[in-house]
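Position chains L, X and S relative to chain A; hints supplied.
Take a look at the letters that make up each chain.
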Amino acid sequence: MSDAEQSELTPEEQHQAANHRGKMPLLAKIFGVLAVGATTAVLIGSIYAVFDQENKPLNGLNPQGPKAQTIQNLVLPVFVVAGIVMVIVCAAVLFISWKFRRRTDEDPHSMGVQTEGNMPLELTWTAIPALILFAIAIGTIITSLELEPKVGPETLEVRVIGQQWWWSYEYDLDQDGNFDDLVTANELVVPTGRDVNLRITSNDVIHSYWIPELNGKKDAVPGQINDWALRADEVGTYLGTCTEFCGLSHANMRMLVRSVSPDDFDAWVEGQQREAVEPAEGSLAAEGKKVFEAQLCSSCHLIRGVNEAKVEDPEKGVDAQLVSGNAPDLTHFASRGTFAGAIYNSRYPNPDGNDQPYGATCTAEDTDACGEPLDNATPGNPDNPFYAPNVENWLRDPVAMKPMAPLQTENPYADGRVRGMPNLGLSEDQIDQLVAYLETLR
Amino acid sequence: MADTATFEPVHETGRDAAAPHAHIEHDTNTGISNTKLAMWLFLGSECLLFGALLTTYLLYKNPLPGQGPTREQLFDIPFTSASSFVLLMSSLTMVLAVAAIERSDHHRMRIWLGATAVLGSLFIAGQIYEFTTFYAEGLGYTTSRFGSAFYTLTGFHGVHVTAGIIMLVSLLLWSLRGNLPEHRSETVEVVGLYWHFVDVVWIVLFAVVYLIP
Amino acid sequence: MAVADAPLALPSGAPSHDGKVLGVFTRAQRTTGWRSWITGVDHKKVGIMYGAAAIFFLLIGGFEALLIRMQLWAPRQQLLSADVYNQVYTMHGTTMVFLVVMPIGAAFANYLLPLQIGARDVAFPRLNAFSFWCFLFGGIFLNTSWLLGGGADGGWFMYAPNNGVLYSPSHGIDFWVLGLIITGIASMVSSVNLIVTVLNMRAPGMSMMKMPIFTWMTLVTQFLLLFALPVITVALFLLMFSRIFGAAFFNIDDGANPLLWQHLFWIFGHPEVYLMILPSFGLISEILPVFSRKPIFGYSFIVFSGVAIAFMGFGVWAHHMFVSGLGPTSVLVFSLTTMFIAVPTGVKILNWTATMWGGRLRFDTPLLFSIGLITMFTIGGLSGVSHSIAPADTQQTDTYYIVAHFHYVLFGGAFFGFMGGFYYYWPKVFGYMLSEKMGKWNFWVLFLGFNLTFGPMHIIGLQGMSRRYYTYDPNFGFDIWNKIATIGAFTIALSVILFIVNIALSYKRSKSLPPVGADPWDARTLEWITPNPTPEWNFDPIPTVTRVDDFWYQKYEETADGGLVKVRDAKDIVQDSDGVGVHLPSPSYWPIVLAFGLPIVAYGLIFSWWLCLLGGAIIVTAMFGWAFEPPDDPEAAHGHGHDEAGHDDHGSAADVDALEQEVAPVG
Amino acid sequence: MAHPQQPPVPTSVLDGAVEDYPSDWKYWRVAIILFVLTAIEVSTYVLADSVFSDSRVLIATLLFLMVVKFWAVAWYFMHLKFDKRILTVAFYSGLALAMVVYLCMLLAFRYFGDDGMICPSESLNCITEG
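Chains as they are written, first to last, in the working numbering: chain A, 1 to 442; chain L, 1 to 213; chain X, 1 to 667; chain S, 1 to 130.
Hints are not guaranteed to be accurate.
Going by beta-carbon spacing under 8 Å, a handful of chain S positions derived as facing chain L [stated by the list, open to error]:
1. A31
2. I33
3. T44
4. L47
5. A60
6. L62
7. L63
8. V73
9. K84
10. L87
11. F91
12. G94
13. L95
Derived by calculation from the structure, the hints in this document are not laboratory data.
Just so we're clear, the structure is a prediction, and the values are computed from it rather than from any experiment.
The C-beta atom is built at its ideal place from N, Cα and C for all residues, glycine as well.
Next up, chain A with everything else stripped away, as it sits in the complex (with noise of 0.2 Å):
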């Protein structure tokens, strides 16, 4: 357009043209169909990635006990109403944009009718949310109370205690109402077919306790107890993470739910209520053990038949040493598979990943069958050999593994507490030992 044309038309048809008003640069329309495309695109894989439950062990749509099924009974029926209304009103919105769009050739003053409102096409569209939302409430309702933990005569009471960053777990097996019985760390290990009511608190911050494929999460918050419930039917490995924002290292705190048959239960049971393991005269373990009582390791972690006295003393014991006054029982600690809020394996996976049951095929011997010792979505076997590489850097420098907060001099408030394991300083006999020792304590 030249100058004279230009100045021949009104300031505001000077900014129509300079504006490109009315009209799409053809590139940008081609742009926003590729970026509507994108986007329906990445919401339809979407609908496949969530129903693709290959590799996804932390996946909430994949049930594996009766409470989750129920949490998925209810939510999937909505997914799908809402999947509809969403389609629906885009698909209405995108028809609207195209049907009464203002066509190049019209006069630029039409208009259309000029409606102001309806009253009952708008009680319609007030009353059918209305409506389906009021069905949704009473899913809701019935399935709430569904999911309530109720406690029987057969239900196995587990304290669930979450600290920074890590869980622990007190069981009550001769329910007395004393969760004094058995005590582990990290793996949850529960029989088949039977109601686990957990108990859930905290020592520190809040935390939230989720196995997503048993059931959702509940936080665990100091100073109160909330009751949640599991059940596992099929043996397996169940993942979980903590939910709730607990500091530092809320990424790497995890934990795990083993399923056993019931007998296995009971031989577990038996394994993990002896004291530890005496390790063999002059053996490289039996240093070890010296080395644990000698050094700081003792003042935090239990391992009893070794250091109660030590651990329980108020002057110098955990509560002097750890904000959360408790650090993981190491008396079973080799009956364990993973680690440092089960975010390491002590012993190796199984090869064709998670839910294989114990007992599988890999041997001393043939470690190559177990596979990589993955730190990650493939927990550690117990019935696997033990994996030593991951304990010894460990041992080496615990907050290289894992972010902790183990210096808190300059905190008046937590009175020379730690949060987290500190670095010990250990030689590497001293690691060497303290690893066999370790390795013994089935």
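Same frame as chain A, now just chains L, X and S:
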């Protein structure tokens, strides 16, 4: 002020000067002045502030066993009743001050304003005495959850009263300087609203904190 | 209403003010240049400054978002340490909520509200300036924590007891608490101010049900602020006393209940969500009718659904706490209230759709953003319904599914609306148009980037990726979607750059074009009756209003067959007065001085009591200076009475800062 | 400082009140009533063991007196009786909202339990719901 002497207002001519009272504040859609409406809205919002503090106190009113003295051990009801009564009566003097300025009785208004400020100061003095006594009896701010909640709740109220006293004294001084015209009598009323609110909050606190077991 | 025909008393006693206050400062003068911004009380200047500051903080918050996304690009990235990541995501959330979305809402409210109701300014212009400076200094104070030992690291929700000194010994959370108290004062002051403005200062003929919908939504927003802010203020004070003086409120050993914080935080926090989204709903309710060339469909339904959302917004807070052990009854009650808040929201969406139906849609950038809002907010609203179902929420809460949900609501909802508002009101505010061509690119790039970023988060959330994780392991199935999200985040950044470039280029181009016409969009509401950019005095004379879309019906008249015919050109309607004789409030130093004292006190609380004394002295001086300074320069006008300010301890509403109002139609 | 006598300004002109504010005597009467109510309140402290041995009666009495006093101050001293209704609405909507919200919050804490106390955290078993 030299600067303003040469200042020529661009938009300040004719119309307003011609009708000096055509735009007084009650020419509003609601018929209420902006200031008064603002104060009432603010007081409505203050209800949520004191509600939150009171709720916190209710949750924490009992200290853990062994963590310092309890309410029953500390509260001196006759004393607090007296200071509550003082604050209650300051509402009367306040409303009398408002009534006086509406009659253009500046003299009475100053007397009542002064009385209100004195009564308010008496209440604050009582609160300071009470706090020091409690502290001497072992209830520090950090002693227990009760201590923290109690001092915070009553302290917030005390700060409100103190702010009110400052406003009253400013008003009094302002009036003594001769700068409180009748058509601003509403200023006294608005400060009065704040003062009465502080009083009704104490009515609630006195009953809920001190009297209800 | 009383009539002013009674004999009014003249001021007794001569005015003693000579313009000097406390013998130090001379009265600020209305000038041009930077001083007029520092001391100005004009609601339009305040609004522009709010917007500019919010965009500045948007760049900071956006940079933090990019850091988050770069860290999550791949499993076990080492870009940020766990500690720094926690600070970055906390400050991202805090910045975006308190320093970006809320202030952009405030920017539009400040600028448009008086214009839409036909007022010369807000009810308390000096308080208005104070609220901006308070917000700005609070925001800067909050961000200086980066230079003074690190930002807050407890998440924007800052749950107890993780917010205690024991678990967060750095000063980050102290900065957070004090910064939010200061910005809270700003919002509190401005909420009272704007409510009074709307209730009291509407033009003749403008009843409540003739107010533009943006004004309505802003009014509702300010009521939400008015009643929600005291709650967070108390929570923040409790936390401050706990951290600085060692109070027992969140100390578990003293028998504290950590859920106290959650209740107080979310009683504020949920209305907060609605007060972030409602201004945007208001904006697109202005835009859609203009670009559809039809009135808004179901005006009263849109208004009342907004009011209903606000009411119900106070009854749903505990849905943030479904898994915290509330007890089954509470959970069910809050689950149901949350579900039904979807009804008024749905009504709004359907009414907007119906507004477009049968119109002549002109696809300019504001309309594109509005349509983007309708669709994206629908997705966010539907995922919201899915977590109102308490059992389902136990699987969803604190996962990326929630992150996806609230970004669809706050980004796809609030921010898209704001972008539409920027494009729509740019000529009104600055007198030149933003380039439509770049605007369309801006929209499509933002739309794509937004969906790429937050769409995949639905998936990884449902597949178990928790929020607030600074890292994740491979083999959980999160990798690919995180990569897409990171690409999307950079696409969003590109579109923000496009927007800023558009501002600069369009400004440059506008110099070679004649001034933009009075009515570039063929608009409908009262604010367009003033020239572009708006003159300082807004209206002269104050118009008398007969309908909701008053400007439109001055241009078009209804014909016998129900159609409309253009009867007048916009430029014949738009006011062209020189503003002579309009009485405007005078500028003042005191708002900025008073606001400046607040962060000084806050630094003092953290570092040294001496600073507290200094800040306190500034505040007291400023308060008395303010109180004894008449709102209008006595030298500049006829002898008004004098005002008195009664400041309570929050330094807010008790101010007697009366703007002389002209509501009678003059001329 | 002396003030020139000005004719009194009707309050209705000044602040849009719907009726004139009352005379001083009326305020005094309200104050006397407030005094009496306060005296009754305080007497419950003395009579706690005899007349008000049932704590529910005591609490109900105290709450009732509190509400009456609150109302009296707001209604007369704060001029809600005489001013436009919108002020009452503005204030009481805040008050009502506060009461409803915080009552719900206390209910969520199961505050009104057997003894009206929340459990001290040392006994973890106290709060077991959830």
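Okay, the hints, checked on the actual structure:
no.	hint	verdict
1	A31	4 Å, holds
2	I33	11 Å, violated
3	T44	7 Å, holds
4	L47	12 Å, violated
5	A60	10 Å, violated
6	L62	5 Å, holds
7	L63	7 Å, holds
8	V73	5 Å, holds
9	K84	6 Å, holds
10	L87	5 Å, holds
11	F91	5 Å, holds
12	G94	3 Å, holds
13	L95	4 Å, holds
The structure shown violates the earlier hints numbered 2, 4 and 5.
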